[in-house]
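In order, the protein sequences belong to chains E and G. Letter by letter, the first sequence follows residues 1 to 222 of this note's numbering. Letter by letter, the second sequence follows residues 1 to 222 of this note's numbering.
These aren't lab readings, by the way, just hints derived from the structure by calculation. One or more of the hints may lead you astray.
As the list claims (entries may be wrong) - For lysine to aspartate or glutamate, the following EDC-like pairs were computed, each having C-alpha atoms within a straight-line distance of at most 20 Å:
| # | chain 1 | residue 1 | chain 2 | residue 2 |
| --- | --- | --- | --- | --- |
| 1 | G | Lys213 | E | Glu115 |
| 2 | E | Lys118 | E | Glu100 |
| 3 | E | Lys207 | G | Glu118 |
| 4 | E | Lys49 | E | Asp4 |
| 5 | G | Lys213 | E | Glu60 |
| 6 | G | Lys213 | E | Glu107 |
The model shown is predicted, which means the values in this text are computed figures rather than measured ones.
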Amino acid sequence: MTWDWEFAFEIFPDILSAIGVTIGATVAAYFISLTLGLVLTLLRRSSFKPLALFVAGVIEFIRMTPPLVQLFFVYFAFDMSPFLTGAIVLGVHYATYVSEVYRSGIESVPASQWEASKALNFSTAHTWQKVILPQAIPPVIPMLGNYLIVLFKETPLLSGIYVLEMLAVAQMIGSETYRFLEPVTIVGVLFLVLSYPSALFIRYLEKRSGQLPGSSEKGVKT
Amino acid sequence: MFTNIGEFLPFILEGLSTTVQAFLFGAALAYSIAIVAGLARTSKLAIVRVVATIFVELFRGTSLLVQMFFFAFVFPSLAPFTISTFLAGGLALGFNYGAYASEVVRGAVLSVPKGQTEAAISLNMSKFQRMRLVILPQAFRIMLPGIGNNSIELLKGTSLVYFISLADMTYRADILRGANTALSSQVEIYTYLLLTYFVIALPLVLLTRWLEKQASKGVSTA
Chain E
1 MTWDWEFAFE
11 IFPDILSAIG
21 VTIGATVAAY
31 FISLTLGLVL
41 TLLRRSSFKP
51 LALFVAGVIE
61 FIRMTPPLVQ
71 LFFVYFAFDM
81 SPFLTGAIVL
91 GVHYATYVSE
101 VYRSGIESVP
111 ASQWEASKAL
121 NFSTAHTWQK
131 VILPQAIPPV
141 IPMLGNYLIV
151 LFKETPLLSG
161 IYVLEMLAVA
171 QMIGSETYRF
181 LEPVTIVGVL
191 FLVLSYPSAL
201 FIRYLEKRSG
211 QLPGSSEKGV
221 KT
Chain G
1 MFTNIGEFLP
11 FILEGLSTTV
21 QAFLFGAALA
31 YSIAIVAGLA
41 RTSKLAIVRV
51 VATIFVELFR
61 GTSLLVQMFF
71 FAFVFPSLAP
81 FTISTFLAGG
91 LALGFNYGAY
101 ASEVVRGAVL
111 SVPKGQTEAA
121 ISLNMSKFQR
131 MRLVILPQAF
141 RIMLPGIGNN
151 SIELLKGTSL
161 VYFISLADMT
171 YRADILRGAN
181 TALSSQVEIY
191 TYLLLTYFVI
201 ALPLVLLTRW
211 LEKQASKGVS
221 TA
């Protein structure tokens, strides 16, 4: 089979029209993972040990099981629209990764900051809000940016529960016309065109913000 | 709860062997690629570096599922020979995670202090000896935790072969869902499936933690 430009031009608008769903799901899932990730990090540091342990256990479980299976589980367990299901499952899955990023940021804040806040008679909530988080989060923003790209590249999973994102549309075209070469290649190129420049930009930011303790490459999927 | 697990397990275990095979094939390919591509990116020859970088960025910039579709549906129509679904899934897993792991290898090799290379040169070691006897043994210890995390991601990634109809655990669960059995609900099936993935991933996680601990043991740091 050789590349058919005419066919490629014909199907390109159909695939491109699904990019809104892909980007929408990415942004929704990213918003969930950023907020839930922070909540998980703070709960994990709770002084009430049973709660901290429970949250740590839940995080481990979510991290260790495939997002696709989680997607099916939630899809069949709850009566929600496929799009919402997809955004929530991807968001919750990557919240467990994002919480590790927050943790590395928080651990990079010197303990003396806590002591100083105590000396000023700040409450715990006040210390988090005014002293710790403002110092912990800005340095990890590039690492958080990585997860936007990771989520973007994970959205084709949602075709498993019939969300019509780019790959689902490509597959539909493929099964109707028996030509997969053009649709799948177009989707691949669109992913590359959108994710690669963003990844380069984030790598540049990361280099500029300097290395944090715990921001080594291990385990961080970029 | 858990009353029907006796019915679930024998059915899903048939898929387990496919999941494990896809994992082992993918891991073997991924880590061979990771070492070759990771070392190639530190090469002095520009052409070697450029080829390796294009390969790595191509597979990191697109999505794993898109790559799997490419190997399963596009590749057969391009090549004069056919490849099995298993091979298509395994190649996508190996290439994708190999590209990610090559970054771990590259980072580890670059993190070995320059003085080690200089010392090896002063001992009149050849380039090859230097790499084999001095740099790699030290880099290997640094890359172990990263490789461990990569393996857990790879195991989770095997569930995507569901999309190309390779009968892994996720695919078997889908069949079970379609069959009218005494298993009371879809939710139950996917709960068991999540637990099964968790049990399989657990040794991998514990091994990674142990390696992480070993890696930091008895090493003097600057």
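A quick look at each hint next to the structure:
1. Pair hint Lys213/G plus Glu115/E does not hold up; C-alpha atoms about 30 Å apart against a cutoff of 20 Å.
2. Distance hint between Lys118/E and Glu100/E is unfulfilled; the C-alpha atoms sit about 26 Å from each other, more than 20 Å.
3. The suggested pairing of Lys207/E with Glu118/G is violated, with an alpha-carbon distance near 27 Å, which exceeds 20 Å.
4. Straight-line distance between C-alpha atoms of Lys49/E and Asp4/E comes to about 62 Å, which puts the hinted pair past the 20 Å bound.
5. Annotation: proposed proximity of Lys213/G to Glu60/E holds, straight-line Cα distance about 18 Å (limit 20 Å).
6. For the suggested pair Lys213/G and Glu107/E, the alpha carbons sit about 19 Å apart, so the restraint of at most 20 Å is met.
Checked against the numbered hints listed earlier, the structure breaks hints 1, 2, 3 and 4; every other hint is satisfied.
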